[in-house]
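With the hints as constraints, model all of the structure from the sequences given.
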Amino acid sequence: MRLRQFGYLARAAGSNLWTFRGRNLVSILIIGFSFLIIGIFLSLSNNLTYLGEQLSNNLAISFFLNHNIKSEEIDTLKQEVLSSGLNLEIKLVSSEEALQRFKNNFPELQDIISSLNTNPFPPALEVRFKEKALSIQTITAFMERIKKIPGVEDVQFNREWVEKMASLSRIVRAIGLFLGSILILASFFIISNVIRLNVFARKNEIEILRLVGATNNFIRLPFLIEGFVLGVLGSLLSLVILFLLMELFPLYVGNSLGAARQLFELRPLTSGQISWLIAGGIITGTLGSVTSISRFLKV
Amino acid sequence: MIQLYHIWKQYQKPHWALSDVSLEINSGDFCFITGPSGSGKTTLLKIIFRELLPTEGQVLIDGVNILKIPDQKIYRLRRTMGIVFQDFRLLFHQSVFENVALPLRIIGLPYKEIRRRVFHALRQVNLHHKMWEYPQRLSYGEQQRVAIARAIVNNPRLLLADEPTGNLDPELAFEIMTIFKEINQQGATVIIGSHDRELIRYFGDKIFFLQKGKIIGKEEKK
Numbered sequence: 000m001r002l003r004q005f006g007y008l009a010r011a012a013g014s015n016l017w018t019f020r021g022r023n024l025v026s027i028l029i030i031g032f033s034f035l036i037i038g039i040f041l042s043l044s045n046n047l048t049y050l051g052e053q054l055s056n057n058l059a060i061s062f063f064l065n066h067n068i069k070s071e072e073i074d075t076l077k078q079e080v081l082s083s084g085l086n087l088e089i090k091l092v093s094s095e096e097a098l099q100r101f102k103n104n105f106p107e108l109q110d111i112i113s114s115l116n117t118n119p120f121p122p123a124l125e126v127r128f129k130e131k132a133l134s135i136q137t138i139t140a141f142m143e144r145i146k147k148i149p150g151v152e153d154v155q156f157n158r159e160w161v162e163k164m165a166s167l168s169r170i171v172r173a174i175g176l177f178l179g180s181i182l183i184l185a186s187f188f189i190i191s192n193v194i195r196l197n198v199f200a201r202k203n204e205i206e207i208l209r210l211v212g213a214t215n216n217f218i219r220l221p222f223l224i225e226g227f228v229l230g231v232l233g234s235l236l237s238l239v240i241l242f243l244l245m246e247l248f249p250l251y252v253g254n255s256l257g258a259a260r261q262l263f264e265l266r267p268l269t270s271g272q273i274s275w276l277i278a279g280g281i282i283t284g285t286l287g288s289v290t291s292i293s294r295f296l297k298v
Numbered sequence: 000m001i002q003l004y005h006i007w008k009q010y011q012k013p014h015w016a017l018s019d020v021s022l023e024i025n026s027g028d029f030c031f032i033t034g035p036s037g038s039g040k041t042t043l044l045k046i047i048f049r050e051l052l053p054t055e056g057q058v059l060i061d062g063v064n065i066l067k068i069p070d071q072k073i074y075r076l077r078r079t080m081g082i083v084f085q086d087f088r089l090l091f092h093q094s095v096f097e098n099v100a101l102p103l104r105i106i107g108l109p110y111k112e113i114r115r116r117v118f119h120a121l122r123q124v125n126l127h128h129k130m131w132e133y134p135q136r137l138s139y140g141e142q143q144r145v146a147i148a149r150a151i152v153n154n155p156r157l158l159l160a161d162e163p164t165g166n167l168d169p170e171l172a173f174e175i176m177t178i179f180k181e182i183n184q185q186g187a188t189v190i191i192g193s194h195d196r197e198l199i200r201y202f203g204d205k206i207f208f209l210q211k212g213k214i215i216g217k218e219e220k221k
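Residue numbers (numbering that gives the first Met the number 0), protein chains in the order written: chain A, 0 to 298; chain B, 0 to 221.
Be careful, since some hints might not be right.
[Unchecked claim] Just the calculated beta-carbon pair ranges, DEER-fashion:
#, chain 1, residue 1, chain 2, residue 2, range
1, B, Gln57, A, Asn192, 40 to 50 Å
2, B, Ser138, A, Arg10, 20 to 30 Å
3, A, Ala185, B, Ser21, 53 to 63 Å
4, A, Ile282, B, His92, 23 to 33 Å
5, A, Ser293, B, Arg156, 28 to 38 Å
6, B, Ser138, A, Phe188, 41 to 51 Å
7, A, Ala200, B, Leu66, 25 to 35 Å
8, A, Phe248, B, Ile106, 50 to 60 Å
[As the list claims (entries may be wrong)] Straight-line alpha carbon distances no greater than 20 Å define the calculated SDA-like cross-link-like pairs of lysine to any residue that follow:
#, chain 1, residue 1, chain 2, residue 2
9, A, Lys69, A, Phe120
10, A, Lys202, B, Ile73
11, B, Lys45, A, Phe295
12, B, Lys72, A, Thr214
13, B, Lys45, A, Thr214
14, B, Lys211, B, Pro35
15, B, Lys72, A, Arg294
16, A, Lys202, B, Asp70
17, B, Lys72, A, Glu206
18, B, Lys45, A, Asn203
19, A, Lys202, B, Glu97
[Claimed, not checked] To give an idea of the chain B side of the interface with chain A (calculated C-beta under 7 Å), a few residues:
#, residue
20, Arg77
21, Arg78
22, His92
23, Leu101
24, Pro102
25, Arg104
None of these hints come from the bench; they were simulated from the model. Every residue gets a Cβ at the ideal spot worked out from N, C-alpha and C, and that includes glycine.
Here is the structure:
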């Protein structure tokens, strides 16, 4: 195909997009809506991933030590913890520091503590994991090993809560994957049918082109360009609406959700996800055109 | 130039749209295929430009069996022909110029050449002053002339027309037929499917009579 033919066909595609703008607008809206739903899911999933990361970042174990623990024993304990092979940081919190922290956090309970005359808080070794996505099994094994070292009295680690969050995240991801696949299939089906209607409405034009000696590629190309443009515009529309939702959601709905707001927050899509969404629109639009037009190209 | 051998065409059993049709049309002929509605005129023309395949028989154009041409190469055959339909088949969202230019756009001619040829074709049908109008703003006769200009713009060696005057009043029909005659005099072979006896008698050099899918007669002016 010559460049001037391509230029003519590109202009013809542009003119067709404008001439049948009503019908094309419907296609753009459907593509936009389908990809908006996928975009919302991606955004929510981003939020859950973010929350999960926050959680693992704050994952800490407190080993409470004997009141009379000797400094050599503390050194041995530190050595043991650091030699575990895990990427972590440790902090020794003395009884005095713990008392001060309590006073700062709960000023209204200060009187009770003062009336005790002794410091009830044992010294503690706080271990914070730097590594993300550590499995619960690894953490538990580490905890059980350190617990057995002399001088360690007790251990505090909210394991159940972390386990629950991990399984919730797994369930949400599985549901998301399932819903996402169904949505992508459904939107492809809808879009290819809308484009098929477009092609059907122009079957007279295809017929004329065939009878005046056009090759199949000559007939196909404007439809491909149109499908491509509809796909790009549809996916861009979904991104614009998603952006507006992100801006407006906290103002109108977010506040009424209270503490649950954090869970339903829409987090911006990554550049990779945006590219995939646009690519998805292009593929759906173009593929929808190809499959719809092929049945009209038989002589 | 065109040879049809024992053409049979069946759409639905047990009726035959064409039964054992054989005919020969020479280069430069001005030829009519006539007969009542449903006699098989349109089917025969559609077989010649390979819109339809016959159930049996062979069609040779310039010695080439067109039934053996693979589907994806049919465009080459169509580019040597001009086809005019009773319902015009124009693109109503495109100007007269773009409608007539379509066969030239397809072969990728430069714009200057396209403009020259389109103007020439439109002048032949006396419609060059309406080059930038849209078909829906034209009368029936003018729309038919646009369709003729599109059919002749690439100087085809064979011009096929199916009931080209079916929707027109007698005066306009005469005018259109005169245009076909002029094109024929410039060297193109013209085959017209029509049931307008008066026009056929006046213009026809070679006439094939069809009835119920069979050739029942042939007339040739010497």
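(message) Please verify whether B:Lys45 and A:Phe295 have alpha carbons no more than 20 Å apart.
(response) 17 Å, holds
(request) For the pair we were handed, A:Lys202 and B:Ile73, check the Cα-Cα distance against 20 Å. (result) 18 Å, holds
(request) Starting from B:Lys72, check that the Cα of A:Thr214 is at most 20 Å away, please. (result) This hinted pair holds, its Cα atoms lying about 8 Å apart.
(message) Taking the Cβ atom of A:Ile282 and the Cβ atom of B:His92, is their distance within the range 23 to 33 Å?
(response) 28 Å, holds
(request) Go ahead and decide if the range 41 to 51 Å is satisfied by the Cβ distance of B:Ser138 to A:Phe188. (result) 45 Å, holds
(request) Using 7 Å as the Cβ threshold, decide whether B:Arg104 counts as touching chain A. (result) Since the shortest Cβ distance to chain A is 5 Å, the answer is holds.
(message) For a C-alpha distance cap of 20 Å, please report whether B:Lys45 and A:Asn203 respect it.
(response) Distance of about 16 Å is within 20 Å: holds.
(request) Return the status of the interface hint for B:Arg77: holds when the least beta-carbon distance to chain A is below 7 Å, violated otherwise. (result) With a minimum Cβ separation of about 4 Å from chain A (threshold 7 Å), the hint on B:Arg77 holds.
(message) Please verify whether A:Lys69 and A:Phe120 have alpha carbons no more than 20 Å apart.
(response) It holds: about 16 Å lies between the C-alpha atoms, which stays within 20 Å.
(request) Mind checking the hinted window 53 to 63 Å against the Cβ distance between A:Ala185 and B:Ser21? (result) Taking Cβ atoms as reference, A:Ala185 and B:Ser21 lie about 56 Å apart, which means the hint holds.
(message) Quick check on the hint: B:Leu101 CB to chain A CB, less than 7 Å?
(response) Because about 5 Å separates B:Leu101 from the closest Cβ in chain A, which is inside the 7 Å limit, the hint holds.
(message) Hint check: B:Lys45 vs A:Thr214, CA-CA at most 20 Å. Holds or violated?
(response) 19 Å, holds
The structure agrees with every numbered hint stated previously.
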